[in-house]
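Chain E is already provided as a structure; the job is to place chain A on it using the hints.
The lines below spell out each chain.
Protein chains: 2
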Amino acid sequence: MNTETPLKIYSHSYRLIAAQCNAQRELAPAALIQQIIEVATEHADLLGIGFKRLQDDGNLWVLSRITVELKRYPKLLEEYTLSTWVEGYNRHFSERNFEITGADGEILGYARTIWVAIDMRTRRPADMSGLASLAVTVCDKPCPIAKQGKIRPIDPPQTVHNYTFRVSDIDFNRHVNSARYVELILNQMDLSTFDDYYLARFEIEYKHETHFDDEVEVCSAFADEALISAIVKDDTTVCVARSFMEPRTKPNDIQ
Amino acid sequence: MNTETPLKIYSHSYRLIAAQCNAQRELAPAALIQQIIEVATEHADLLGIGFKRLQDDGNLWVLSRITVELKRYPKLLEEYTLSTWVEGYNRHFSERNFEITGADGEILGYARTIWVAIDMRTRRPADMSGLASLAVTVCDKPCPIAKQGKIRPIDPPQTVHNYTFRVSDIDFNRHVNSARYVELILNQMDLSTFDDYYLARFEIEYKHETHFDDEVEVCSAFADEALISAIVKDDTTVCVARSFMEPRTKPNDIQ
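If you read the sequences in order, they're chains E and A. By our numbering, the letter at position 152 of the first sequence is numbered 240, and the numbering carries on one by one without gaps. By our numbering, the letter at position 226 of the second sequence is numbered 314, and the numbering carries on one by one without gaps.
The set of hints was computed from the structure by calculation and includes no laboratory data. Keep in mind that this is a model prediction, so the values were computed, not measured. Do not take every clue at face value.
Same chains, same names: a pair is fine if it fits in one copy or spans any two.
When the alpha-carbon atoms are kept at most 20 Å apart in a straight line, the in silico EDC-like pairs for lysine to aspartate or glutamate are as follows [as the list claims (entries may be wrong)]:
| id | residue 1 | residue 2 |
| --- | --- | --- |
| 1 | Lys321 | Glu293 |
| 2 | Lys238 | Asp301 |
| 3 | Lys140 | Glu166 |
| 4 | Lys163 | Asp259 |
With the rest of the complex left out, here is chain E (with noise of 0.2 Å):
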């Protein structure tokens, strides 16, 4: 798609359905990353700089970090929306930010992507200098969240659990599903302490890519008021994350 004028500000709203929520009757942390995924992907194909625009070229994009910051989660049956945009971009990435709305137009939080261009065949990074229609699509909207900072796991961890991929973990491009490992990390967790805490801030940074049949262990360790996880397969860090937890100021509200 050529436009003069791009849509630079995408919106998609969505009503909290059951199957979506968390026990705390809340979007799941690892749903609301799942959606941050496809609000990219439906944006970029608007813009004409999709997966189908780069596919021409030999490349396509993969997902390198995402950070996300709320004060507090969609409530289930709530209306809410994520509006994207891109902040900026170089030859080799783009960074992709999103703001979360409830239903009244209060801002829940704010996301941060970087999405890395890739060769297909090589799977090095690609050059997207040439992609010219990516500059037009470039605003200023802020995003009030730090970026993400490097995250270092902790040797030896205190937590470590072992899992093997199994056929409910793979995606549609017969990797494990970017948001399967947001799950893993969380599940170090208990179920009392989500009745107590909210996932305040998320970061995680995918490396590399896992498959069917891949067994990895997933370590973490509490440190700097944060839990810092990482996913190991064999001898290779698959991804690692950083957990803010804060205490819940009134007890979760379960109907």
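Using the frame of chain E, we list chain A on its own:
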């Protein structure tokens, strides 16, 4: 709600997003079952026989059985529709059926579900004979798939996996999500099996609820051309299922 001409057949259309696909780029069976539950809930609410109405009498609907039979599953980006109606009911349970149609109205398959009303406090079957509004909802649209038969687990099983339920497995009612059992059962098979075969018919009977941190064994064995599975917690059978796999008539056309 009280109306003289209730909407006997209720339909909900979807467009298949990547997040709900399996590795074969079709609607994942567990996602279909989640949508069957969603559409049942929407229709029951509309008819005034939903959870809210039963709650007034101290009762609630519990899903007891699902049977699905499809000649093919909706494909990535395809528009498809779930239509549902009540086949019949008696004092203790109601039978609700579904038709699944593809983009051009092609019938892809059907589903049968059985919902039991129980007393919230005693967890014993409730008597629904006083709920007169059920009578006017019954619809004689045919559902040309066989009802679910008795499923007897095979002893000893051929395949056993252990699993402990974590935060991401728990639903808004603080039980393990009904669709998660379906994933654990289908995870007894390999990715290559789903490349060569598809789940033509699936039957599951839910017998007992499980909770966070419960440890279960998923046990399966092939018998009578089906994979018979049981999820067992200590000596309690949580659910039993029968999966009929059919060869794909042509190689799965992954784009």
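Hint check:
no. : hint            : in the structure
1   : Lys321 - Glu293 : within (15 Å within a copy, 36 Å between copies)
2   : Lys238 - Asp301 : neither (29 Å within a copy, 33 Å between copies)
3   : Lys140 - Glu166 : between (33 Å within a copy, 17 Å between copies)
4   : Lys163 - Asp259 : between (27 Å within a copy, 13 Å between copies)
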